[in-house]
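Following the hints, put chain D in place on chain S, whose structure we already have.
Protein chains in written order, with the numbering used here: chain S, 35 to 442; chain D, 349 to 801.
Wrong hints could be hidden among the right ones.
[As the list claims (entries may be wrong)] Facing chain D, a subset of chain S residues (Cβ under 10 Å, in silico):
no., residue
1, R79
2, E194
3, S195
4, L223
5, I227
6, Y228
7, A241
[Said to hold, decoys possible] With a Cα cut of at most 27 Å, we get these calculated DSSO-like pairs of lysine-lysine:
no., chain 1, residue 1, chain 2, residue 2
8, S, K230, D, K356
9, D, K591, D, K578
10, D, K529, D, K571
11, S, K146, D, K776
12, D, K591, D, K575
13, D, K413, D, K427
14, S, K97, S, K340
15, S, K129, S, K105
16, S, K230, D, K776
[As the list claims (entries may be wrong)] Computed far set for chain D versus chain S, every beta-carbon distance over 10 Å:
no., residue
17, D374
18, G384
19, Q530
20, L543
21, D756
22, T765
None of these hints come from the bench; they were simulated from the model. Each residue gets a CB set at the ideal place from its N, CA and C atoms; glycine is no exception.
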Amino acid sequence: MDASRRKFLAQSLAIGCSAAASPFVTPVTFASIPSDNRLVVIVLRGAMDGLDICAPLGEPVFKQYRPGLSKRDFRDLDGFFALNENLADLMPLWKAGELGFVQAVSTPYRDKRSHFDGQDLLEAGLAEEGGNVRDSGWINRMLSLIPGAEQDSAFSVGRESMLILRGDFPVTSWAPESRVDMSPHGQMLLDAIYAKDPLFAQAGQTALTLAAQLSMEQMQGDGDEEDAEMMAEMLKSMRSSQEAQQASGLAAFAAERLKEDTRFATFSIGGWDTHLRQDRAIRNASKELQAALLTLHQQLGPVWDKTCVLCMTEFGRTVRENGSGGTDHGTGGAMIMAGGAIKGRKVYGDWPGLEEAALYERRDLMPTADLRRYAGWAAHDLFGLSVGQIENTVFPGVDMATNPGFLR
Amino acid sequence: MEQSFATKSAFRFGYGFSPTDRDIRDIDDLLAQLRGPDHGVAQFAGPMLEERLAIQRDYQQLRNKMKKGDETVKDALKKATRLRNRMRGDDTRHLFQRAMMDGQGFRERIAFFWMDHFTVIPKGRAGNALWGNYIEEALRPHITGSFGDLLVSAVTHPSMLIYLDQVRSTGPNSPVGKRKKQGLNENLAREVLELHTMGVGGSYTQSDVRQLAELLTGLDFDKDGAKFNKRKAEPGAETVLGKTYGGDPAQRSHIEAFLRDVARHPDTARHIARKLAVHFISDTPEQSLTDHMEQAFLQTDGDLPSVYGAMLDHPSAWEPLGQKTKQPFDFMVSSYRALGVTPQDYKKPSNGQVNKQLILPMQFMGQPLRKAPGPNGWPEEAEAWITPQGLAGRLQWALSTTTQWGQDLDPRVFIDTALRELSGGTLKFAVSGAERRVEGLTLVLASPEFNRR
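Extracted from the complex, chain S is given alone in its bound form:
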């Protein structure tokens, strides 16, 4: 492991620790960024199915493609698109114009449909994989262009080191020490690799349930006096971190920072890789996302009005339901936007339709716009970056075209 990486780890460890002990560090006041606006980016890992979250029920063929998945109790949005039932609690935001969608967008990533490469490209904001993709993320490059931006201006929340924020500009991260969970798809893959080994297969069946429940309580019991003290201490920190690890916990921390000098916050929500029984499989991730958005809304108070939340994913999923009630890796997808700063109650984008000839490779939703264009216009409208800066530095090679005007 090279020296810079070690240094980075040491820093994030130190920060993680001290911040976890006292998550709400004394606020330092400086209002040096000229803009008072906030941008929150939530990376939805695993490829969110935009057609299930913001479903085109108005398409006559939709039900034919998805006989099982179209049976949901969708909530009507605009007479054509409808919202997944697991996000129903967001309807008040929609009605208030504080929730919107962009359909048929994607990054420039095509064809190989690998999560790792797709997420890298999404966070790097670049057009081509390989090369320097993991060197810097687009939020970091954006920060370097904003006069007066400081280290506290951007925060990543959670234990991951988010590529989207990585780069030369110093940023801060806050990491609750805690458990992490395997996504439903990851659990399926695990079952598959255990299938041939009876010992692992047998233990694996209950192991996953247990892993999710591992609690300090089980560990208490015998032990000498100093062990008991040690355990009590660990129990305390584990409990608080378990709460913080939920997406709503991350959102709550982000909200605290955004109420101060922080202008950018980012975290991720996984669990979107729904190859099997998507009717159920998408539920957890959706509920986490819903809780995160509601937490931001509630806790930001008046700052919510200056906030734009963009939820983006590495690619969409197949238009057709697969043989196991799920969907497979696709291309075009949806972006979710929220916040008082947006003009919501609208599904943006150039809808290509679902007729077979209109699909990408006759299987995926055709992307009609680069999702970086939307993020770019957000940077333009929220922080005053020029189109040139965005096209050259933040999202090299993006065609900004005309402003879709989704910000108030």
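Just chain D now, with coordinates in the frame of chain S:
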């Protein structure tokens, strides 16, 4: 695909691959690790015995004062407590750091084997203060020498004397025994014969145990360390395994003489040979393998490198992998290594981090460090480890460890670093299909391919 020599060496006789370690080329490459100095202890070791005892003593004295209501020692006690706790955390950390080193895998696996063979579960405060020293000074210098030296050193170390109650054993006819009406405690004597040397099937009798217990009286420990206390030693000679030892005055050398004899006993040779074979190669090792090792043991009077060499010489040692599973400690160390975490990366975690990242996960995985089920150490069979709880612990730790250390690793590359030709099509497919890097890496670490050896 055929498993290479390097892969079998790394899994069966080491702590797996690391991106920086060089491949083992032949048997002598493994044995060469045992010939040099102990690089592990040279780099990662706690204080020497005297300093440990001093730290413990300071702490104890201040604590007693505080208990009696002397508030003036409060700050000093705080400091002494920190020093003491730190030492304990460091002992755990050093255990991992040594095992994580490149170029030392076989030697470190051997060190763990003997730590387990001569299990000490630290009892009380002194026990914890001495545990690291027991490993570093009493065991490790002898694991590349003769079994007799190792046996004497392990059995007479204060840690062992405390753990197996030797400090409570008094010759009933000794001055102390008569005055205080104290008597024998057979615990250490029994375990020396049953566990450390001849094995439970060995040709010893209850009378041998009793006689050995008498012979061992006088081995004692106080705040300055191990000592021979003549006033607790049973007078007269003892006959153990048909040979008479000691006589008046009782001396520590009488005990050593017995230990060196029993160390060469054919039952001991058989017991140690089988135990090594079971630990490294198979729960049901070939008779020809254990015979071969036993012969090497007997022919060299227990020269351990010769015994290890005999194990490596035998064709069983190079059968395809998969007959054993990694114990949790092995799993963690080999995961760190595969992820490219170096011992130096692990420099100074706080005690809290040691607890969260090492101690607690080991408990979840079923191997609470310092708390083996008994003096017989940890179980060997796969079924004892790959339980729902144990596997859950491995998964949870793998998720959080790859989150911390693996964020820049591509799982499709990592699978080759960690498993080389051992990764099958299903695993490769699953790993490249994971929705996040961390899950891809976790699948590799949680796979049967990585956990079996």
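Here is how each hint holds up against the structure:
no. : hint             : in the structure
1   : R79              : 5 Å, holds
2   : E194             : 6 Å, holds
3   : S195             : 5 Å, holds
4   : L223             : 4 Å, holds
5   : I227             : 5 Å, holds
6   : Y228             : 7 Å, holds
7   : A241             : 4 Å, holds
8   : S:K230 to D:K356 : 21 Å, holds
9   : D:K591 to D:K578 : 22 Å, holds
10  : D:K529 to D:K571 : 23 Å, holds
11  : S:K146 to D:K776 : 16 Å, holds
12  : D:K591 to D:K575 : 25 Å, holds
13  : D:K413 to D:K427 : 15 Å, holds
14  : S:K97 to S:K340  : 39 Å, violated
15  : S:K129 to S:K105 : 24 Å, holds
16  : S:K230 to D:K776 : 14 Å, holds
17  : D374             : 29 Å, holds
18  : G384             : 25 Å, holds
19  : Q530             : 25 Å, holds
20  : L543             : 23 Å, holds
21  : D756             : 7 Å, violated
22  : T765             : 13 Å, holds
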